[in-house]
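A.B. asks: If you read the protein sequences in the order shown, they are chains A and B. When we follow the working numbering, the leftmost residue of the first sequence carries the number 285, and every step to the right adds one. When we follow the working numbering, the leftmost residue of the second sequence carries the number 285, and every step to the right adds one.
Because the hints were derived from the structure by calculation, they are not lab data. Take every hint as true, because none was put in to throw you off.
The list treats identical chains as one, so a pair stands whether inside a single copy or across any two.
Keeping only pairs whose Cα atoms sit at most 25 Å apart, straight-line, the calculated DMTMM-like set for lysine to aspartate or glutamate is:
| id | residue 1 | residue 2 |
| --- | --- | --- |
| 1 | Lys348 | Asp641 |
| 2 | Lys311 | Glu367 |
| 3 | Lys322 | Asp308 |
| 4 | Lys718 | Glu728 |
| 5 | Lys525 | Glu629 |
| 6 | Lys638 | Glu426 |
| 7 | Lys739 | Glu793 |
| 8 | Lys311 | Glu335 |
Next come the chains, spelled out residue by residue.
2 protein chains.
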Amino acid sequence: MDSKSNSSSAAALTANRVREQLPDDWKILRDVHELLQKQNAFCVSPQQWGEQKIVEFVQPSELKQLINLKIEEKETHSLSEIEKLCQLVIRYSVKTSHGRFHNQLFGQLDPYGLAGAWITEALNTSSYTYEVAPVFSLIETEVISTVCRLAGYDEGVGDGIFSPGGSMSNMYGVVLARYKRAPEVKTSGMFGMRPLAIFTSEESHYSLKKAAHWLGFGADHCIAVRTNGRGQMELGDLESKIEEAKSRGWEPFFVNATAGTTVLGAFDDLDGLADLAARHGLWLHVDACLGGSALLATQHRSLLKGLARANSFAWNPHKTLGAPLQCSLFITRESDLLARCNSIEVNYLFQQDKFYDVSYDTGNKSVQCGRKIDAFKFWLMLKARGYSQYGHLVDHAINMARLLEQKLRARADRFRLVLDTHEYSNVCFWYIPKNMRGRQETAEWWTRLYTVAPKIKEQMAYSGTVMVGYTPLASRNLGNFFRMVFTCFPVLEANELDILLDEIEKLGEQ
Amino acid sequence: MDSKSNSSSAAALTANRVREQLPDDWKILRDVHELLQKQNAFCVSPQQWGEQKIVEFVQPSELKQLINLKIEEKETHSLSEIEKLCQLVIRYSVKTSHGRFHNQLFGQLDPYGLAGAWITEALNTSSYTYEVAPVFSLIETEVISTVCRLAGYDEGVGDGIFSPGGSMSNMYGVVLARYKRAPEVKTSGMFGMRPLAIFTSEESHYSLKKAAHWLGFGADHCIAVRTNGRGQMELGDLESKIEEAKSRGWEPFFVNATAGTTVLGAFDDLDGLADLAARHGLWLHVDACLGGSALLATQHRSLLKGLARANSFAWNPHKTLGAPLQCSLFITRESDLLARCNSIEVNYLFQQDKFYDVSYDTGNKSVQCGRKIDAFKFWLMLKARGYSQYGHLVDHAINMARLLEQKLRARADRFRLVLDTHEYSNVCFWYIPKNMRGRQETAEWWTRLYTVAPKIKEQMAYSGTVMVGYTPLASRNLGNFFRMVFTCFPVLEANELDILLDEIEKLGEQ
Numbered sequence: 285m286d287s288k289s290n291s292s293s294a295a296a297l298t299a300n301r302v303r304e305q306l307p308d309d310w311k312i313l314r315d316v317h318e319l320l321q322k323q324n325a326f327c328v329s330p331q332q333w334g335e336q337k338i339v340e341f342v343q344p345s346e347l348k349q350l351i352n353l354k355i356e357e358k359e360t361h362s363l364s365e366i367e368k369l370c371q372l373v374i375r376y377s378v379k380t381s382h383g384r385f386h387n388q389l390f391g392q393l394d395p396y397g398l399a400g401a402w403i404t405e406a407l408n409t410s411s412y413t414y415e416v417a418p419v420f421s422l423i424e425t426e427v428i429s430t431v432c433r434l435a436g437y438d439e440g441v442g443d444g445i446f447s448p449g450g451s452m453s454n455m456y457g458v459v460l461a462r463y464k465r466a467p468e469v470k471t472s473g474m475f476g477m478r479p480l481a482i483f484t485s486e487e488s489h490y491s492l493k494k495a496a497h498w499l500g501f502g503a504d505h506c507i508a509v510r511t512n513g514r515g516q517m518e519l520g521d522l523e524s525k526i527e528e529a530k531s532r533g534w535e536p537f538f539v540n541a542t543a544g545t546t547v548l549g550a551f552d553d554l555d556g557l558a559d560l561a562a563r564h565g566l567w568l569h570v571d572a573c574l575g576g577s578a579l580l581a582t583q584h585r586s587l588l589k590g591l592a593r594a595n596s597f598a599w600n601p602h603k604t605l606g607a608p609l610q611c612s613l614f615i616t617r618e619s620d621l622l623a624r625c626n627s628i629e630v631n632y633l634f635q636q637d638k639f640y641d642v643s644y645d646t647g648n649k650s651v652q653c654g655r656k657i658d659a660f661k662f663w664l665m666l667k668a669r670g671y672s673q674y675g676h677l678v679d680h681a682i683n684m685a686r687l688l689e690q691k692l693r694a695r696a697d698r699f700r701l702v703l704d705t706h707e708y709s710n711v712c713f714w715y716i717p718k719n720m721r722g723r724q725e726t727a728e729w730w731t732r733l734y735t736v737a738p739k740i741k742e743q744m745a746y747s748g749t750v751m752v753g754y755t756p757l758a759s760r761n762l763g764n765f766f767r768m769v770f771t772c773f774p775v776l777e778a779n780e781l782d783i784l785l786d787e788i789e790k791l792g793e794q
Numbered sequence: 285m286d287s288k289s290n291s292s293s294a295a296a297l298t299a300n301r302v303r304e305q306l307p308d309d310w311k312i313l314r315d316v317h318e319l320l321q322k323q324n325a326f327c328v329s330p331q332q333w334g335e336q337k338i339v340e341f342v343q344p345s346e347l348k349q350l351i352n353l354k355i356e357e358k359e360t361h362s363l364s365e366i367e368k369l370c371q372l373v374i375r376y377s378v379k380t381s382h383g384r385f386h387n388q389l390f391g392q393l394d395p396y397g398l399a400g401a402w403i404t405e406a407l408n409t410s411s412y413t414y415e416v417a418p419v420f421s422l423i424e425t426e427v428i429s430t431v432c433r434l435a436g437y438d439e440g441v442g443d444g445i446f447s448p449g450g451s452m453s454n455m456y457g458v459v460l461a462r463y464k465r466a467p468e469v470k471t472s473g474m475f476g477m478r479p480l481a482i483f484t485s486e487e488s489h490y491s492l493k494k495a496a497h498w499l500g501f502g503a504d505h506c507i508a509v510r511t512n513g514r515g516q517m518e519l520g521d522l523e524s525k526i527e528e529a530k531s532r533g534w535e536p537f538f539v540n541a542t543a544g545t546t547v548l549g550a551f552d553d554l555d556g557l558a559d560l561a562a563r564h565g566l567w568l569h570v571d572a573c574l575g576g577s578a579l580l581a582t583q584h585r586s587l588l589k590g591l592a593r594a595n596s597f598a599w600n601p602h603k604t605l606g607a608p609l610q611c612s613l614f615i616t617r618e619s620d621l622l623a624r625c626n627s628i629e630v631n632y633l634f635q636q637d638k639f640y641d642v643s644y645d646t647g648n649k650s651v652q653c654g655r656k657i658d659a660f661k662f663w664l665m666l667k668a669r670g671y672s673q674y675g676h677l678v679d680h681a682i683n684m685a686r687l688l689e690q691k692l693r694a695r696a697d698r699f700r701l702v703l704d705t706h707e708y709s710n711v712c713f714w715y716i717p718k719n720m721r722g723r724q725e726t727a728e729w730w731t732r733l734y735t736v737a738p739k740i741k742e743q744m745a746y747s748g749t750v751m752v753g754y755t756p757l758a759s760r761n762l763g764n765f766f767r768m769v770f771t772c773f774p775v776l777e778a779n780e781l782d783i784l785l786d787e788i789e790k791l792g793e794q
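Throw the hints in and build the complete structure from the sequences for me.
C.D. replies: What follows is the structure, encoded as structure tokens:
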């Protein structure tokens with residue numbers, strides 16, 4: 285027997301064995317929910333928060349000893365061995381659904397969102413054609429038109445797409461704006477053009493700079509605009525930087541507003557920016573990845589006043605609302621531009637001789653080919669709760685942030701707010717350890733204060749009791765402070781805020 | 285009571301109600317597996333394939349009547365109503381795990397992959413720092429270094445990242461190559477440079493053209509190279525197009541090879557291309573999104589001969605191997621380039637004053653910020669089966685494709701192959717209806733033949749018995765033919781091929 289038929293029969297033999305074993309292998313899905321429950325991955329009930337750790341933190345080198353990560357050629361594992369491995373993975377992972385995880389811009393999951401995610405993973409299809417995703421194509425369209433309505437567009441106006449995250453959604457904005465300004469870039473590129481300039485505030489998300497790099501503009505042509513005391517882009521500085529760019533021979537074409545900055549949660553003045561953008565002929569994009577959820581709010585919707593006048597915006601329901609990561613929308617008021625900008629003739633996917641209305645094949649609007657069904661989980665959430673419930677939960681999260689500010693002020697000897705008031709559900713503050721209180725606040729005192737948050741963070745990791753992120757803010761020459769961000773889930777009660785502050789005090793004195 | 289405190293108390297009221305209802309809401313996760321089973325979403329056992337439809341196809345307008353898609357402000361739904369809605373969604377979705385779904389480049393899921401996907405969705409974290417994804421950070425590193433080893437890199441050489449799909453992975457290749465050639469583009473952009481030119485075969489994936497557009501090169505600077513009879517890029521034509529580009533004043537810098545073209549499954553000559561790329565100083569990227577799975581194969585690994593000499597490649601385990609969508613790897617031989625090219629100073633995420641080794645924070649290599657944990661599902665699959673089992677399954681899938689060719693030849697009066705032999709697991713063929721057999725094959729005859737596949741496809745949709753894709757191939761002036769792609773799952777037996785061909789014949793005569 286030669287080596288080729290040898291390996292050919294080995295393939296057939298293994299294929300048989302795998303085929304016979306498959307019914308058993310599929311049993312793992314039956315057990316996933318139980319595996320997660322056993323390790324308390326969803327630590328949902330407040331009664332559990334005090335008992336269960338958010339994370340059982342171990343250093344990388346130690347973790348490598350605890351879980352056999354090595355992938356081998358021939359080593360196989362039985363269903364029960366794989367389940368044991370999964371238990372270890374869950375055990376040493378961060379429980380982001382624990383009610384005291386406030387470390388990122390996202391928090392606890394909405395169970396309907398997770399159910400939607402599990403179902404789409406199981407149906408494992410792609411958002412490019414009605415043929416392979418009939419229900420999901422209609423659902424994506426429905427969600428997008430609902431969001432266009434919420435944004436204040438007229439009936440039938442607007443278009444959009446789900447993309448794999450806010451950075452990509454912002455890139456869609458830049459690419460569309462460039463295509464609108466100079467459609468020839470699609471074929472000829474940007475060589476030989478005079479530099480196109482992007483404007484965004486110094487406190488905006490880094491994805492704009494990364495987009496400038498990737499899309500060929502260069503980070504130098506992504507110009508940082510100063511912010512005011514509240515973290516909003518200064519329109520005066522924007523205007524003078526536009527003029528400065530023009531005087532260099534650059535062509536201003538795009539301004540990014542931020543609705544909910546990453547650190548302070550500040551909202552730019554969208555109406556003012558819309559006026560300014562109109563005056564200078566710029567595309568106005570709004571990075572509302574964080575703050576877009578205010579669209580649903582009753583009490584705080586005015587934060588987004590002017591949004592309908594922007595040319596496009598990005599919104600991540602996976603942040604405030606508790607949709608599972610990734611759930612990011614790019615929306616534009618320019619109805620046909622997405623398809624015109626991104627489409628290309630693709631015979632094997634977007635045949636025009638199909639037996640159904642091919643306008644339901646939306647894949648050609650995308651820069652991707654295969655694309656996950658991110659719309660369904662969000663749709664299921666909205667169906668379950670109606671958007672008004674989320675609106676009230678967003679309001680509640682912001683109200684809790686205001687309450688936390690009050691409580692921080694009431695502990696003014698121990699805590700210091702970065703801003704007097706924040707606009708959204710972010711609250712930024714320092715903890716002042718006992719031995720630093722009542723001292724003169726010299727430059728040295730502040731330098732020392734900036735080292736406190738990282739030390740408390742370390743204690744947080746080892747105790748697993750609470751997780752709150754920290755960050756410096758270079759644009760204000762500020763060193764490390766805590767940034768606590770409230771989300772729709774967990775739905776916090778007021779007393780939880782005292783528990784949190786008490787815990788930070790406790791860890792701060794260790 | 286003024287309107288602000290009115291809506292404030294409405295928020296508190298709703299928050300209370302949602303909080304109280306949450307324990308019930310979380311029950312939906314317990315039921316997801318059962319919901320999927322009830323609707324036979326995983327139609328895994330061959331015994332079911334004849335009885336269960338792959339899709340219950342209805343036209344868009346009708347589907348809108350069958351499922352209430354509308355999102356309302358105040359309408360909420362109970363757990364059991366949501367479960368009924370989910371059942372409808374599952375019912376009218378395509379069962380891509382049905383053993384007779386052969387419509388795309390992906391097929392049935394690997395259950396371990398799906399279990400991994402469910403667990404990462406549940407743990408809902410992001411691949412940027414060790415802090416929020418300790419286990420998953422190590423797992424991504426482990427998978428990447430395993431793939432580097434499989435690609436033939438020396439110990440410690442190579443780097444990579446999971447990206448949201450093959451189009452993005454190919455974009456990583458272009459961006460890295462551009463940065464290597466001209467690091468100043470990161471800051472200054474491409475304005476004023478002489479045009480940089482990309483070369484790729486006329487049968488390569490459209491993502492290269494979309495990348496050329498997005499990244500600012502323009503589609504005109506993405507030059508299509510002719511293919512030979514087997515669908516491979518012609519090195520002679522490449523060389524003359526490089527010279528032609530140079531003579532126009534353009535700067536050739538990037539050649540994309542395809543390992544497994546979308547339609548024919550052709551593999552470019554990587555060794556030949558590596559020689560040519562070296563000669564002309566080009567970055568060689570390999571789009572192995574489809575064919576990368578041959579890395580694991582024993583019998584067919586030589587298809588990728590020369591891969592180790594390429595500067596980078598993309599590989600989607602969500603295609604052949606049955607990992608859930610999205611699971612796409614970008615790998616490069618240039619060890620530190622990803623981080624240097626894409627990094628940016630991001631204080632709130634990538635602090636350097638952390639309490640663990642921050643080299644485990646890999647998010648700065650990415651163009652994204654939040655990034656799904658796509659590594660874990662693939663890792664779990666590899667742990668469960670070892671990579672040699674996948675190797676044999678890949679071999680088996682390719683062997684089945686060869687067997688199908690034989691069977692098509694045995695029915696030569698009714699079927700016609702597009703190529704005599706294909707290299708990978710794709711098989712392309714026409715069905716010749718009874719009333720066209722034995723006739724003179726005039727231009728009209730062929731034109732008529734090209735209308736057959738779309739009609740059979742319509743029958744497939746309504747019968748739900750089998751799904752096989754069809755496509756024309758413009759580069760060869762060929763009209764619609766079927767493209768059947770074998771994947772690791774389902775693990776097919778030989779007799780299944782006759783069942784498939786019989787079914788196409790049956791539908792073809794209706």
